[in-house]
Amino acid sequence: MKDSVFKILSNEKIAKNTYECILEGDISDVKAPGQFVNIKLDGFYLRRPISVCDAEDGKLTIIYKVVGEGTEAMAKAAVGDEWLTLTGLGNGYDTSPSGDYPLLIGGGAGVPPMYMLCKKLIFEGKHPTVILGFNTKDEVFYKEKFTNLGAKVIVATADGSVGVKGFVTNVMPSCEYTYFYTCGPEPMLKAVYEVSVTSGQLSFEERMGCGFGACMGCSCKTKYGNKRICRDGPVLTKEEIIW
Amino acid sequence: MANTKVNLCGITLDNPIIPASGTFGFGYEFAELYDINVLGTFSFKGTTLEPRFGNPTPRIAECASGMLNAVGLQNPGVDKVISEELPKLRRVFNKPVMANVSGFSIHEYVETVRRLDGEGDIGWFEVNISCPNVHGGGMSFGTSPEMAEQVTRAVRKVTDKPIIIKLSPNVTDIVSIAKACEAGGADGVSLINTLLGMRIDIKRRRPIIANKTGGFSGPAIKPVAVRMIYQVYEAVKIPIVGMGGARSAEDVIELMLAGATAVEIGAENLVNPYACRDIIEALPSVMEKYGINNLSEIIGGAH
Ligand SMILES: Cc1cc2nc3c(=O)[nH]c(=O)nc-3n(C[C@H](O)[C@H](O)[C@H](O)COP(=O)(O)OP(=O)(O)OC[C@H]3O[C@@H](n4cnc5c(N)ncnc54)[C@H](O)[C@@H]3O)c2cc1C
Ligand SMILES: Cc1cc2nc3c(=O)[nH]c(=O)nc-3n(C[C@H](O)[C@H](O)[C@H](O)COP(=O)(O)O)c2cc1C
Ligand code: FES
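Quick note, the sequences are listed as chains Z and Y, same order.
With my numbering applied, the first sequence covers 114 to 356.
With my numbering applied, the second sequence covers 13 to 315.
Keep in mind that a hint or two might mislead.
[What the hints assert, rightly or not] Computed cross-link-like contacts, EDC-like style, restricted to lysine to aspartate or glutamate with a CA-CA straight-line distance of at most 20 Å:
1. Z:K144 x Y:E293
2. Y:K215 x Z:E319
3. Z:K115 x Y:D290
4. Z:K233 x Z:E195
[Unchecked claim] Chain Y regions said to be covered by chain Z (calculated; three or more residues, Cβ under 8 Å):
5. 79-86
6. 281-288
Note that these hints are calculated values from the structure, not bench results.
Every residue gets a Cβ at the ideal spot worked out from N, C-alpha and C, and that includes glycine.
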């Protein structure tokens, strides 16, 4: 964990209400895909937790959806602006149990952490398939980015405006996979959990006070005892989850 | 040389800065970031007789200049605190620590304090009386002078260590509660705990926090804390540990001028994990700016 200043190199709208922001700073504490950062914004008391989408060559990429005042302020930030950012938070995904054919399932604002994960799996010589779920065509992002990494990509939209019509869980039965990784809204996580035929890892969200394990604001019960989403998570294994 | 030492109930602190209970865990998350031995001491997570998971989530809501929390005293219970947390804490902290305890009956307070009393590294007990009394119709111990005095007398019997009673601000007359604690044998009082609050999600038209209400803390509550510390200082002779919204060396001085002997820093640790270290580093120069050589001389200086 490290608290340091990140400088905005770019902050561009890439889909409906969705922004990709590339920041320059000390990424030495980003250790695994699925970890997150906690960003201090001027005028807001609590920090905003956002997943690491990519971290390479001193650059941190995040993708965020504007859902409230904080993310709205983030969207207005200009190139050159600086954010005090805690990095290296959370456990992240463990790629060791993935097998050769992992399935990655990202829904909406849960797509970003899948990118760094996909990159790592491909680097390790594995062959990931990626299912990206969105409500509608205007919300879709990063399809080409995943394809360019060398992954097989399937897009699903709830209204069928692009890709397969339906939810990510409508696509899953047609995929063969050795393990799964997912991030997205909780109802989607639960559906993925139920449809999945292998073991896997799921990333959860919770409202946070600190983001680094001090306040007990984000606790959940698991089969392996109480855990803090921010520190013992956000990634939990399928086996330990209690819904 | 600026002298930042203060004496809290017979134990000298290198400086008056104390991370507040519930915002510093058992210290080791922060020990990853800085040497926590720079602190005066710290107050560990509210400990109860039995393990507690606490409230359902969401437990946290943001406010202008502050936050609500309804953690609900999640802790592993006093026996695990003794067998697991304190040994880990000892590896990163070598000063006397403040043991924050809570209970839902007099028996729970007494038994928790009794079990912790044998731990040599506990310097003080900080007894949080903001919890509801299950035998008293759910009314908080901290809202009635009689109940506050009863708790104080009961824990007084099982420990010779300094007892600091932590007061709730959700009362009409905090002075009468503080006096009752003094009469019951308390060595000090600490104030303020969080103010009861609520936020509503206007999209969902429901309270943000699952528990509906939560405790409000952070910079926004500082004026309330300063007022209450000032009033209590006029009414009791025992030392006051002040807290509520402090986030700078200037705030620490303000609370001390109101009457605090030492100052706890709460919510600020969550948004700036280096807050306490930063305040401690800033203290000497801020003292110099305001012509203070000896910090303990300014306690109650605004009266
Ligand atoms: C581990 C983790 C990773 C995340 N990664 C991403 C990501 O990569 N991209 C993305 O778009 N979003 C992500 N989120 C969600 C993101 O944190 C929220 O959308 C954001 O905090 C909303 O802030 P706001 O001020 O716009 O909304 P408001 O509703 O105005 O925020 C009010 C308060 O509630 C908190 N809050 C609101 N919604 C959430 C939520 N869903 N989760 C946690 N806290 C919330 C805010 O942090 C703030 O403290 C992540 C959340 C977590 C916990
Ligand atoms: C997340 C959180 C958890 C807390 N838990 C406890 C607790 O277990 N016991 C206690 O006595 N006070 C607890 N408090 C209250 C603080 O110790 C402190 O009294 C209060 O937050 C006011 O100080 P502040 O404005 O500096 O935060 C908690 C506060 C917060 C924000
Ligand atoms: S947000 Fe503070 S412990 Fe997780």
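Which hints from the list above does the structure break, by number from lowest to highest?
-> 1 and 4
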